[in-house]
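Visitor: What follows is each chain in one-letter form.
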Amino acid sequence: MKPAAFDYIRAKSAAHASALLAEDENGRIIAGGQTLMPMLAMRLARPSRLIDVARISELSYIRDEKDKISIGATTRQVMVEKSTLIAKRLPLLHKAIEWVGHPPTRARGTVGGSLANSDPAAEISLVAATLGATLRYVDETGENSISTDEYFIGPMITALPATACLAGADFPVWSEKRVGTGFEEVNARSSDFAFVSAAAQAALDADDKCARIALGIGGLGDFPVRVDIDAAKDQIEKESAVREAIAEAIADIEPLADLHATAEYRQRVAVTLAYRAVRNAVREAKELAYAN
Amino acid sequence: MRTELKINGKSHVVDVEPRKSLLDCLREDLRLVGAHAGCEHGVCGACTVIVDGTPVRSCLMLAVQAEGSEVVTIEGIAPAPGELSILQDAFCETHGMQCGFCTPGMILAAHALLRDNQEPTREEIVEAISGNICRCTGYDQIIEAVALAARRMRGRNAPDQVSA
Amino acid sequence: MSAAPRKFRYISSDRRVLEDRRFVVGKGNFVADIVRPNMKHVALVFSPHPAARIVKVDGSEALKMPGVQYVLAGDELAAAIQPMPNGMPTPEVKRYPLAVGQARYVGEWIAAVVADTRALAEDAAEKVKVEYEPLPFVVDGKEAFKKDAPPVHPAHGSNILLDKTFVWGDVEGDFAASPRKISFSQKWGRSSTVPIETFGVIAEWDAWREVLDVWASIQMPKYADQIAGSMRLPMNAVRVHQDVDVGGSYGVKRGIKQTVLVCYLAKKLNMPVRLIEDRLDNMRGGDAHGPERNFDVEIAFDDSGIIRSMKMEALDNVGAYAGRSPFQLGKPIGAIVGPYKIKSVQYRAIAVTSNKTVQEAVRAFGQSPTNYTIERALDEVAWALNLDRLEVRRRNFIQPHEFPYLIPSGTTYDSGDYPGLVNKVAKHADLDAVYAERDRLRAEGLLAGVGFASCLEPSGGNSAFEPLLNRQNKTTTWMDSCRIAVDALGTITATMHTTSAGQGHETLVATVVGEALEIAPEKIRVSRAHTLDVMPSNSPVGSRMAIMLGGAAFHAANKLKHKMMTIAAHDLGVSLDDLVWNEGTVSGKKNPDQKLTWNDIVLIAHRHYYRMPEDMEPGLTTQHVMQVPNGGKLPTDDDRIQMYPCFSFEFHVVLMSIDPDIGKPEFRRYVIGHDCGTVINPKIVHGMTMGGIAHGIGAALLEEFAYDDQGQLLTQSFMDYLLPSAHEVPKIEAVHQVTPSPLTVFGQKGSGESGYLGAPAAISSAINDALRPLGIKMNSLPLKITKLGDAIAAARAKEAKQ
Amino acid sequence: MKLDIGGEERFDANIERVWEMVNDPAVLQRCIPGCKSMTETGSDQYKIELNLKVASVGGTMEGMIGLSDKTPPSRCRIQVEGSGTLGTGKGDAVFELREENGQVVMKYEGTGDVGGLVAGVGQRILKGVAKHLVGKFFTAFRGEIQKAAA
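Top to bottom, those sequences are chains P, H, F and R. FYI, in the numbering used here the residues of the first sequence are 1 to 292. FYI, in the numbering used here the residues of the second sequence are 293 to 456. FYI, in the numbering used here the residues of the third sequence are 457 to 1258. FYI, in the numbering used here the residues of the fourth sequence are 1259 to 1408.
Please keep in mind that the hints were generated in silico from the structure rather than gathered at the bench. Please note that a few of the clues may not be correct.
[Claimed, not checked] In silico lysine-lysine, DSBU-like type, Cα no more than 35 Å apart, as pairs:
1) F:Lys583 with R:Lys1365
2) R:Lys1260 with F:Lys602
3) F:Lys598 with R:Lys1260
4) R:Lys1305 with F:Lys1257
5) R:Lys1405 with F:Lys583
6) R:Lys1294 with F:Lys585
7) F:Lys1233 with P:Lys238
8) P:Lys238 with F:Lys550
9) R:Lys1389 with F:Lys512
10) P:Lys82 with H:Lys298
11) P:Lys12 with R:Lys1294
12) P:Lys209 with F:Lys1120
13) F:Lys1187 with P:Lys82
14) F:Lys585 with R:Lys1348
15) R:Lys1389 with F:Lys583
16) R:Lys1365 with F:Lys603
17) F:Lys520 with R:Lys1365
18) F:Lys550 with R:Lys1328
19) F:Lys883 with F:Lys799
20) F:Lys585 with R:Lys1405
21) F:Lys602 with R:Lys1305
22) R:Lys1328 with F:Lys585
23) R:Lys1260 with F:Lys603
[What the hints assert, rightly or not] Partial chain P-side listing against chain H, Cβ under 10 Å, derived:
24) Arg55
25) Val173
26) Leu288
Note that the structure is predicted; figures quoted are calculated from it, not measured. For each residue, glycine too, the CB sits at the ideal point set by N, CA and C.
The task is simple: from the sequences and hints, build the whole structure.
Guide: Structure follows, in structure tokens:
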């Protein structure tokens, strides 16, 4: 399990990385390498050149920008895990991050790397899709952005242009006062790819009415999806209503199937996990009122 | 590719192919063979080393990527030839191993935990070593070793508690 | 038969394990750590087809690449070596390290490329062109058994390697006389021990000395013999270095095909050649899968739950070649009734080839699947009668006063107190509280169940299953050895004659020798000799080292002690009987002033020959070759045999819960009772027990070499073959009991396997208890989450309809 | 590993034109994802070289593609077989063309069979990737039709 030979170059900036990609269509960006390195070792991936962006320090940051949290592409997952800013302002990502690999892979793995590799079951992608994050990238035309609604297009396949280097992700922060989150995942071992996962964020108004609900499901289809259950918004504490809305919303998704989880399993458990994520998010939002 | 590596506090210059993992570089070019190849795809943790203070998989890192980082391997843990660190000694005390193949990675993972957390709970120990697969022990005596080392390290920092 | 435990000086005391110091600093001597000058590296070309005729192997492109030394295909190799030994009388099932003429499973090695580095060898392996002509294949064991199944080895004529029915006792009579009968089927899935270190081997040929040096990550009886045989070399031209530390084995590190391949290349190229399997090589083509066994069982019992007779059919899908696997159906014969007084047994053992990876010996050598089935039978009887499952076990247990106990298949169990240990476990666990907790979990809306499993660990392994399953094989000798030398300065070196894979053999030998000589074990050096300096050994298989190596060390130490006392008696001019030994000093019983110290005797033996008894050899070296206690006999004509000598006992109680919407099982409580006779080193025994359970948890819930219908192995990496991490193994509470064996020097028995023997059975029992309210039963391992989740969902849907 | 492939595509073109294009090796070469070369070895038999790349995953493959059971302009069978660094692959599909509301409907149905490396380490996403590749083929094919129409 030794990779096929490749050249190696360190990019000085995202623009530099993009220019290097433009030079060679078989170039490939490496950041933390926690997804790419196994693929290199198995020779599933065989780039001609690796363009290392891990050291681009201006891409490593977590910034509070009022209505959004900006996270640089080369920010290590462990920094997100330990960030008090994330814990406070982006609790859904805070909850999800401990499900990403295990401590040693989070030490090297980056937020951008996870988004760029776009595994169907990746937790960071799921949170990005759920909250409708905007991904910023640099390509030949300069700085651009793309919403997660358009970004994910297949298993490990994204709409990112061939010469693009991901620069960061902006996760919207909700302005409502009472916002709760829920994150649920099933896997065989806690560090494995999720069979299915669900992330929910709910905002309640002063009367405990659901003002806003965001729900995302990962591992079910080829990529994580945001699921619209607004139909159940007024009955957010009614299990049957929420389950029904979820089931309807995911009816068109063709579930993945593999030896670890059948399509039926994924479809069925997606509803349960999504419901639980919503329930937990609502519960958490409710508790906030009392705490205030 | 000429690469300068800082391993266990010492600088080394190696000439490696870009495709060479840090693991293979440590083992083949520097003859530091305490990090072991178990799966070479990032699951088993036998290749764990500490890079810039954090345990990482040396099979999931290229040697050329390690330039400029501080790398600590199991060979850098014992205080002197024939002497063991408190943690290493605790592994011996509880027999936190059998075949010894996962042991260096396990000790480095625990080493990093104890540096940040002197009073880890069982759950925290489990989480810290959960990326290191041991096929022999069922983990019980490993967890016991880490807990014992934590107790002893706390004791060392507060000598009045162990004067008895 | 429970003699009071003896008092020991070092045995059973909580001492450190001598090997550990080198491992905690990363100074083990693993095979991949060894570098030989000018060493070359092997990469492998593997078959992507489950069955295909190999039309052509073209290595010309690969050979042109810089750094590439050689490309070897099966035909050349087969012409130069002997086929690898085949334990069964099936001469047409020939096996070579590389496929010859036909590929028989996905992952089978077709060609080997030798290059200056492993990376270059892999580059070149991609350039080896193999032309295949796909052939019909079969992957399922029951399908392979059918008459019209595509034969894996056409020359053999069928896929059947073994199909033998044993009848011990009046099975039909007992069935006829029993008021109740039940039958069930279940399957043990294909998993293995999967050590974290893959198999590796280095070979180097010295053409001038005519010595083939081999360093390998090996745990195998008769390894050097097999190398010599395949390589057509005299055995004294093969030097296997046994001081290589083995990074886990639990049975599978047999590596003979890997070794013969590398030996051939080293000799052919006259260069040191090494093959370290990478994880993909290991999983698909390392030939180290474990049993995959279908069981069909009938049980005859009475209204009180007493089991009178059992019919068991076990069909093992052994993969593409014979390997050691058919014999894994043989060892269970030595404990075919478990710890229960079942009077008669019919056992049909079937081994079939299929287009899957070859099996190797796996921890407990086939006993674990069988125990899973025996314990299921006990649960079924209890459920059929609506009796408590523990009570049914108690009613069927062999009682302490009944030892030595002869079971129908001809093995006598040495000693045991099964009810005693079960009572201790029940008390420790507080069974009422365990059931109350189960009911509380159920009230919470979870599925919850309590599981029980007994298991016997036959230990002290010998090869009795070989002559039983293959009458042409008359091997009954299965010795192990130890040599002890006291040097001229009085320090002690004991030599063992096999490798070690984490079982603490050096500690074992030092402890036993220390005990016998009354000298601290830490002062004794233990060395692992290479095979040109070796005494006979059959390696650490079959939970045998405490019994066999421990026994050999004890006897060698006693011979040493006897020699030293004889020297002292002669020198002091007194009778041997008048002397006592005290920590190496020999003194008069009546007159303590009359004495010789250890160093005095060493001086006499090494330098002062004139003070030695006449005709005594100078120096202080003794040795002992030990035969398996009560082993050494051929099977009787009616297929009865003493399989292994000693029987450890373990009892598991597990409480598990399952979230019915998710299907993921979780441990709530895990208690075991363990009795392996006298414990030599408690730390080692504890570790083996816990590790065995963890391994059993893997087999029960997570691990499977899964194939699809097309014969593709879907779990070639650790991303899909799931080993338990620290998260998946619960805290396990252990209760100990010591029932010494009358057959061994300290009363010790084996301890490497019982955790693995009991855990899968107990987990299955707990899960089936949890699922009972839904009216479903799970009949196969591993019990993966999706399998449980989908079954629960189907049962609930059915319930909702009614 | 078995993969089922199937679906329906609609094109704004006449059926003869679509038929012609499906049978044109030059068009196929441009549409088959990663196809580097396609050399005729016999009647409706071609040797193909692929340089497959899906996101990070990539590898080279060599194989054969053959068209058979032709019923112009409505039915054709395509068989593909190859092997390379990623493993082995085999595909067997039948497509049927019909006209409907002024469009050409192409219905295709077949099975694929993947072996070796990718089956052993990538089974989880294989189906999705296959689907994606089929999608890429039709995107390119649609482009060809538009180009021809223009």
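Visitor: Each hint needs a verdict: does it hold in this structure or not?
Guide: Hints, one by one, checked against the model:
In summary, the hint linking F:Lys583 to R:Lys1365 is not supported, as the alpha carbons are separated by about 38 Å, beyond the 35 Å threshold. Proximity of R:Lys1260 to F:Lys602 is assessed by CA-CA distance (about 24 Å); at most 35 Å being required, the pair is judged to hold. With a CA separation close to 22 Å, the supplied pair F:Lys598 and R:Lys1260 stays within the 35 Å bound. Between the alpha carbons of R:Lys1305 and F:Lys1257 the distance comes to roughly 56 Å, so the proposed pair goes past 35 Å and is violated.
A distance of roughly 39 Å separates the Cα atoms of R:Lys1405 and F:Lys583; the hinted pair therefore is violated under the 35 Å criterion. At most 35 Å may separate the alpha-carbon atoms for a hinted pair to count; R:Lys1294 and F:Lys585 meet this at roughly 20 Å. Proximity of F:Lys1233 to P:Lys238 is assessed by CA-CA distance (about 33 Å); at most 35 Å being required, the pair is judged to hold. This hinted pair does not check out: P:Lys238 and F:Lys550 have alpha carbons roughly 66 Å apart, beyond 35 Å.
A hinted pair counts as satisfied when its Cα atoms are at most 35 Å apart, and R:Lys1389 with F:Lys512 qualifies at roughly 34 Å. With a C-alpha separation of about 26 Å, the suggested pair P:Lys82 and H:Lys298 falls inside the 35 Å cut-off, and the hint holds. Taking the CA atoms of P:Lys12 and R:Lys1294, the gap is about 33 Å. The hint holds against a cut of 35 Å. Simply put, P:Lys209 and F:Lys1120 have alpha-carbon atoms about 33 Å apart, close enough for the 35 Å limit, and the pair holds.
The straight-line distance between the Cα atoms of F:Lys1187 and P:Lys82 is roughly 28 Å, inside the 35 Å bound, and the hint therefore holds. Restraint check for F:Lys585 and R:Lys1348: satisfied, since their Cα atoms lie roughly 18 Å apart, inside the 35 Å limit. Of the supplied pair hints, the one linking R:Lys1389 and F:Lys583 holds, its CA atoms being roughly 29 Å apart against a limit of 35 Å. Restraint check for R:Lys1365 and F:Lys603: the C-alpha separation of about 41 Å exceeds 35 Å, so the hint is violated.
Proposed proximity of F:Lys520 and R:Lys1365 is contradicted: the alpha carbons are some 47 Å apart, above 35 Å. About 46 Å separates the Cα atoms of F:Lys550 and R:Lys1328, which puts this hinted pair outside 35 Å; it is violated. At most 35 Å may separate the alpha-carbon atoms for a hinted pair to count; F:Lys883 and F:Lys799 meet this at roughly 30 Å. In summary, the hint linking F:Lys585 to R:Lys1405 is not supported, as the alpha carbons are separated by about 40 Å, beyond the 35 Å threshold.
The straight-line distance between the Cα atoms of F:Lys602 and R:Lys1305 is roughly 40 Å, outside the 35 Å bound, and the hint therefore fails. Taking the CA atoms of R:Lys1328 and F:Lys585, the gap is near 33 Å; set against the 35 Å cutoff, the hint holds. For the proposed pair R:Lys1260 and F:Lys603, the alpha carbon gap of about 26 Å is at most 35 Å, so the pair holds. Taken as an interface hint, P:Arg55 checks out: its beta carbon lies about 8 Å from the nearest beta carbon of chain H, inside 10 Å.
Annotation: interface hint on P:Val173 violated; nearest CB of chain H at approximately 28 Å, more than 10 Å. Hint on P:Leu288 is violated. Least Cβ distance to chain H is approximately 26 Å, over the 10 Å limit.
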